[in-house]
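4 protein chains.
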Amino acid sequence: MTRHSFLDDYSEGAHPDILEALLVTNMVQQTAYGDDIYSQEARGLIRQHMGDVDPDVWFVSSGTLANILIISAALRSHEAVIAPASGHIVVRETGAIEATGHKIITVPPVGGKLTPESIDAALKANAHFPHMAKPRLVYLSNATEVGTLYTKAELRAISRLCKERGLLLLLDGARLGAALSATRNDLTLKDIAELTDFFWIGGTKVGALLGEAIVISNQELREEFRFHIKQRGALLAKGRVLGLQFRELFREGLYFDLARHANDMAMRLSSKISNAGYRFVAETETNQLFPILPNTLIEKIKADFDFYVWEAHDESSSVVRLVTSWATEEAHVDAFAAKLEEFAS
Amino acid sequence: MTRHSFLDDYSEGAHPDILEALLVTNMVQQTAYGDDIYSQEARGLIRQHMGDVDPDVWFVSSGTLANILIISAALRSHEAVIAPASGHIVVRETGAIEATGHKIITVPPVGGKLTPESIDAALKANAHFPHMAKPRLVYLSNATEVGTLYTKAELRAISRLCKERGLLLLLDGARLGAALSATRNDLTLKDIAELTDFFWIGGTKVGALLGEAIVISNQELREEFRFHIKQRGALLAKGRVLGLQFRELFREGLYFDLARHANDMAMRLSSKISNAGYRFVAETETNQLFPILPNTLIEKIKADFDFYVWEAHDESSSVVRLVTSWATEEAHVDAFAAKLEEFAS
Amino acid sequence: MTRHSFLDDYSEGAHPDILEALLVTNMVQQTAYGDDIYSQEARGLIRQHMGDVDPDVWFVSSGTLANILIISAALRSHEAVIAPASGHIVVRETGAIEATGHKIITVPPVGGKLTPESIDAALKANAHFPHMAKPRLVYLSNATEVGTLYTKAELRAISRLCKERGLLLLLDGARLGAALSATRNDLTLKDIAELTDFFWIGGTKVGALLGEAIVISNQELREEFRFHIKQRGALLAKGRVLGLQFRELFREGLYFDLARHANDMAMRLSSKISNAGYRFVAETETNQLFPILPNTLIEKIKADFDFYVWEAHDESSSVVRLVTSWATEEAHVDAFAAKLEEFAS
Amino acid sequence: MTRHSFLDDYSEGAHPDILEALLVTNMVQQTAYGDDIYSQEARGLIRQHMGDVDPDVWFVSSGTLANILIISAALRSHEAVIAPASGHIVVRETGAIEATGHKIITVPPVGGKLTPESIDAALKANAHFPHMAKPRLVYLSNATEVGTLYTKAELRAISRLCKERGLLLLLDGARLGAALSATRNDLTLKDIAELTDFFWIGGTKVGALLGEAIVISNQELREEFRFHIKQRGALLAKGRVLGLQFRELFREGLYFDLARHANDMAMRLSSKISNAGYRFVAETETNQLFPILPNTLIEKIKADFDFYVWEAHDESSSVVRLVTSWATEEAHVDAFAAKLEEFAS
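Protein chains in written order, with our numbering: chain A, -14 to 330; chain B, -14 to 330; chain C, -14 to 330; chain D, -14 to 330.
Heads up, a few of these hints could be off.
A pair holds if it fits inside one copy or across any two, identical chains being indistinguishable in the list.
Under the rule of at most 20 Å between Cα atoms (straight-line distance), these lysine to any residue pairs were calculated in the SDA-like manner [what the hints assert, rightly or not]:
#, residue 1, residue 2
1, 109, 257
2, 119, 205
3, 109, -10
4, 109, 295
5, 137, 206
6, 324, 294
7, 287, 327
8, 119, 90
9, 324, 290
10, 119, 18
11, 109, 77
12, 175, 1
13, 285, 238
14, 148, 328
15, 285, 299
16, 324, 206
17, 119, 70
18, 287, 5
19, 148, 239
20, 109, 148
21, 109, 70
22, 324, 29
23, 148, 268
24, 109, 297
25, 109, 294
26, 287, 76
27, 109, 91
Note that these hints are calculated values from the structure, not bench results.
All chains should be modelled from the sequences, with the hints used to inform the complete structure.
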C-alpha cells in the first residue's frame, strides 16, 4: 500500500460522478457568468431542501470568498462581526474580513461554539457607542473548526437572540456536510435557512473540485449580491463549472452520501483507536479526530501516513489531528489501525 | 446544425486534454493550497519561456482576482493606476480596484491602447501633490479590449517610460494567447516578462475550465504575494485544479495551438465577410471581429447564431462583435458565411 | 503697504468675533465629543434656516473629511459616485473617496456644473450590471470649483432626476457662502436641504479657523452617522471648538455678511480689471476671478501680490486666478488696481 | 463654587497663552496646508528635543486620525497590528484601524502594558503563514489607558524585540505629557524618537484646542506621508491653527509645565483621598486616579462633581475614575477633599 494522507479532506480531486458530468456537458455552449442551465438546475435542487424559505443561491470558488462576500455585502463600514476566537475568519483567512474594513469581536469558544451567553457578553462589552464599532453580524461554523456540532436547540437560541438584538446570523458551512450527516445531528438545510440570514454549503471538502454554495434567506441582501460577487473577483466566466458540480452533488443526494461516508470512516478509525487503548481530547462527531498518541508511536506511523501533530499533550504524548473524507477507504483506516496493533505488540 | 454562439470565447467547458488530465490524476493525493506537484510542474513549464527573468508564477481562478491581487499587493493607499478609459478594470470589473482603495486615472485609448504620450499627459495632469493621488502603476491589456495588439516597439517604449518615471507596469493577459498567436505579433512571453513588472496569462479564454497564471518579475512583490492570494479568497484548497490545467496548456504548446486556432477561425470568418462585401470598423488582428452588417441581415443571422450587436453604425446597419475560440469549428464559420450568401442572393 | 495674497480665501486666521467667542467661553467646562452647549446652539441656529426639513447637523474639521464621511456612510461597496471631472473629490482629494472603496464616474462639466443630461448619459454608460459599479450618489459643488453657481431651476432639475433614478444627491458647500451671497443666486439653505440628501456648509473659507457643518436631510443616514464620524477620526474631543465657531457664524448672519463681503471685493476688483481693459475667461459670480493679463504685467504685479497663474492664454498673456475673502480690504483691491493703471501708463 | 468636572482632561478650551498667540497672529497671511511659518517653527522646536534622530513632524486634529494615518501609511494590506486588548485603537476608535483594512491582534495587557513576552507569544500564535495576517507593527500607549507608565528599560526591551523581528513600533502619546512629567518617568522625547519608528504627542489633553504632533523617525515612511494626511481628510487648509498651538506649547516648555501641573493636582487629590482612608485599585502615576469609594459617598459627591463610576468594587463600594488637567485648580481638589471629610464626620 502506498503512503496515505489524513491531513485534510481536500487532498484528492473530485468524486468521479462530478468529473463524468464535466465530460458529458463539456462541448455544450452555455451562457457565461452563472446564467448557465447547470447553475440554474443546481439552484433549484438546493432550494428544494429549503421549502418556502426560497432563498437565493450563488456559487463561488472558495470559502474565504464566501465569507468575504457575505460579510462585506451585509455590513456598513462601522459595523462589526462577533465570532468565536477559534473561527476560521479569525485565525485562517489572513485578515480577509478586516481587509474589507470590518472589525471582528472575538469571544472565547465553548467546545468550538458560540452561545447566547457569550454573544450577549460581547454585546455588553461593545456598547460604548459611537466609540466602539457596532456589533451587527454573528459568525459561526457548523461543523466547528474542532469538529463539533450545533444542535437545533442551540442554533435556535442563537438565532432568537440575533433577531431580538438586530443581529444578522451567518453560518460557515465549509464542513456542513459532515455536520448534517453526523449521528447526533438534528438540523436540516431548511432549519438552517430559517434560522440564519445566510449560510454556505461547502463543496470543496465534500467531493467537488472547488465550489461553495451561498444561500441567502435575508431579503435585503438579495438584489445586489451579484455586484459584490463580480467586484470581489468571484464571478467565473465559466460559472457552469461550479453549477454543474453542485447539480451532481444535489441531484440524488451524493452530497450527503459522501459526507456520511467520511463520518463513517472517522467512526471506524475512532473505534479502532479507542480499542487500541488511546483516548481523545474531544469526542469524534464528524470527520475530524483528535486522539492522544505516544510520541514514539507517532514517529512510527509517520513512516506511512501524513497527519498533523496538533499540540503536545504531555512529555511523551501528543494530540494528533486525523481527517477522513469522501475518498477515504476502509483499507486506509485498517492500515492505520494495523500500525497501532503492531506498536502494541 | 444546431444554433451556435459567437458571443465569447468561454461558452464551452475545457479542451478535452485538460479534462483527461483531471481524470488521470484525480485520485492521487496532493498537498493543498498550490503546493501540489502539478502546480510546480506548471510553474516550471511557464518559467522555461521566460529565460533568466525567472519570475514567480501563481494561479488564480479569475482575471478580476488577478488584477485585484497584483494591484492591491503592489500599491500603497495613496498610489493610483493609469489605465485606458476602455480598460477592463475601468468598465467591466464593478469598481474592483477602487474597492481595494485605489484611484484609476483614465486616459483616452488610441486604438484601444496606451502610448507613452498619453501616459505622460496623465502624469502631467496628476502632479499637484499631495492633493492628487500619486500615479504609480500603468495597466494595459494585450490583446486589448477591442482586439488590437501591442508591438514590441510599443511595449518597449511604454516600459522605458515607466522605468524612467518610477511606474510599475502591469499587462492584463486575459487574451494574451490571441495576441501572441496573431500574425502581426512580434512579442514573446520572455519579452513581456522583461518589459513588465507583472502580467497574467489568461487560461479561461484559451481552453481551461478556469484559471489565470500571474507572472511576477518584480523582485519586491514576490515574497509576500501569497498572503494577498489568501486574503482575497483566491487560494484554492485544491490548487491542483488550476496548476494541472496550466501544465497541460504549457506541456507541449497546447496554449499557443488553441489560441492560433481561434485566430485562424477569425481570419477565415473575416475573409468570408469581406468577400461578401462587408467592411469592418477595425482590422481583425486576433479572435474578435467587428464587421458592419445591414440590420435586415443581422435579424436573419440571429435565427441561427448568437452574437452581440455592438453599436448602431447608421440608420440601416450596425457593428456586431463576433468572437471565435479554441472550440470554433470551420463548419460554424462556414454556416455563418452561408447566411451572408443566402442574404445576398 | 505690505505684500498681499490673493491666492485663496484661507490665508488668515478667523474673524475676530470668532476668536472673541473662544476667549469668552474658554474656561467653561463642557461635555466632550460634540455634545457641548455651543454645538447644540449652532445646530439649532443652522436648522432654523431649514424649516420643517429639520435635518441632522454635524461639525467636522475639513471638507475632505465631510466628503469622505457622507459618501462612505451612504454607499455600499458596489455603489459608485457620479461627479464632474473637475470636482474637488476627483482632482484635489488624493483619491480619498476611492480609498474608502468607491468608484467615481466622471462626466465632462458644463461651466463647472453637472446637468440632468450629463448625469443621464453617465447612467446609460454605466448600466452593464453587474459588471459595472452601480451609480448611486451624485456629487456636485456650489459654488463650483471655477466659481460658477447653480440656479434653483438647475438644482431642482438634478434633484428630480436623482429621485426618479434612485440616486442620492450630495452638495459640497466648501464655498456655499459665496454662492448664496452671489447677486444672481436664487437658492436658500432651505431649498438645498429640500433638494439634496446631504450637503455641507464650509466654514474654513468663510472666516472660521476650521470647520464644516454637515447637514443631513436623508432619514436613513441619520442614526448611524456618529459612528462614521468617530471611525474616520473626525470626532474632536473638544467639539466645542467647531460648534462655537458655527454658533458665531449663524447667530446674527455673520456667515452671510462675510461671504457677501468677499463677493463684493471680487466685484470691485473685477470692475477695476475690466475698466483697465482686460477680459475674463469666465464671468465673476462669486469670490474667484479669472482675468486674462499680459505676462509682462503679471511679472510686475507679482512684486507685490501673490496669486496663481492658472494657465497660458496665448504667447504673451495668461489667465490668473484671484481669490478675495472675508479678510480682503478695499485697500488691497485698490492697490492691485493701481498696478494695472501704473502698467497702462 | 460651581459644579466641577473630573471626567476628563479636555473639558475646557485652551491654555490662555495659546489663545493669545491665535489673536496676535490672526491677520497675518500664511501659506496654507501646513506650510505656514508657525508650523515650521513648531516642527523646529519639537525636533530640538530629538537630537540627531531629526524626525519628520506633522500636525493633525485628532488622535484617531494620528493612529489611522501612521498605521495605514506604514502597512501593506496583509500586515497586522499587535496591540494590548485595552488599547485605544482596540476599544475606543470604532474599528478605525480595521476600516483601513488591517487586523489587530490583541494580547492581554499587564498593568495596561505590552511586554516582550506578550509580543513574542502573539508572534508565535500568528505564524501559520500565509493563512494568517503577518504581524508587522506593535502599538502601545504611554501613559497607558489606565494611567501607567513604560520605563526606559521596558520600552527599550520592546524596541529591541521589534527590531529583531522586523516589527515597526508605534507609541500613542495621547497622554504623553502626563507620562513624561510623572515622578517615576525616566524617558525623554529623544529616547522615544530613538526607540520607536513613529509616535505622536497629544496636544488636545495638554491645553491645546485641538492637535496632535506626529513624529516619524522611520526613514521609509517620510516622503509619502503627506499624501496620506491629505487622503484621510487630515490636511487642514489653515494648518497654522495646529502649528501655532504646538509652537506655543514647545516654545518655553509650556507643554511640560501643563502636564506636570495636571500630575501635581492628581497627586494632591490622591494624597487627600488616601489620607481620608480610601484605597486605590492602581497607584496614581499620572493624571488619572482610580480610588475605591463607598457608594453612599459617591452619591453625595455627585451633587457637586462629575466623574465616571468605573466599575463596582463590592456590594457597597465602587471604583471611580478622576482625571485632573492643566486647568484643574487646587481649589477644585480641595473642594473635592472637603466632601470626603464632610462624609467622614
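For each hint, the structure was consulted:
1. 109 <-> 257: neither (46 Å within a copy, 34 Å between copies)
2. 119 <-> 205: Both. Shortest intra-copy (19 Å) and inter-copy (16 Å) distances satisfy the 20 Å Cα cut-off.
3. 109 <-> -10: neither (45 Å within a copy, 26 Å between copies)
4. 109 <-> 295: Between copies, since 15 Å is at most 20 Å while 34 Å is not.
5. 137 <-> 206: neither (25 Å within a copy, 37 Å between copies)
6. 324 <-> 294: within (17 Å within a copy, 63 Å between copies)
7. 287 <-> 327: Classified as within: same-chain Cα gap 14 Å, cross-chain 72 Å, threshold 20 Å.
8. 119 <-> 90: both (10 Å within a copy, 19 Å between copies)
9. 324 <-> 290: Within one copy only: 10 Å inside, 63 Å across.
10. 119 <-> 18: between (35 Å within a copy, 18 Å between copies)
11. 109 <-> 77: between (27 Å within a copy, 14 Å between copies)
12. 175 <-> 1: neither (28 Å within a copy, 39 Å between copies)
13. 285 <-> 238: neither (39 Å within a copy, 45 Å between copies)
14. 148 <-> 328: So residue 148 and residue 328 fail the 20 Å test inside a copy (54 Å) and across (48 Å) alike.
15. 285 <-> 299: within (18 Å within a copy, 57 Å between copies)
16. 324 <-> 206: Intra 52 Å, inter 46 Å, cutoff 20 Å: neither.
17. 119 <-> 70: Intra 18 Å, inter 17 Å, cutoff 20 Å: intra and inter.
18. 287 <-> 5: neither (34 Å within a copy, 33 Å between copies)
19. 148 <-> 239: Neither. Shortest intra-copy (34 Å) and inter-copy (50 Å) distances fail the 20 Å Cα cut-off.
20. 109 <-> 148: This pair counts as within: shortest intra-copy Cα distance 16 Å, inter-copy 38 Å.
21. 109 <-> 70: both (17 Å within a copy, 16 Å between copies)
22. 324 <-> 29: neither (46 Å within a copy, 38 Å between copies)
23. 148 <-> 268: neither (32 Å within a copy, 44 Å between copies)
24. 109 <-> 297: Close across copies (15 Å), not inside one copy (36 Å); limit 20 Å.
25. 109 <-> 294: Between copies only: 16 Å across, 38 Å inside.
26. 287 <-> 76: Answer is neither; intra-copy 27 Å and inter-copy 46 Å both fail.
27. 109 <-> 91: both (13 Å within a copy, 19 Å between copies)
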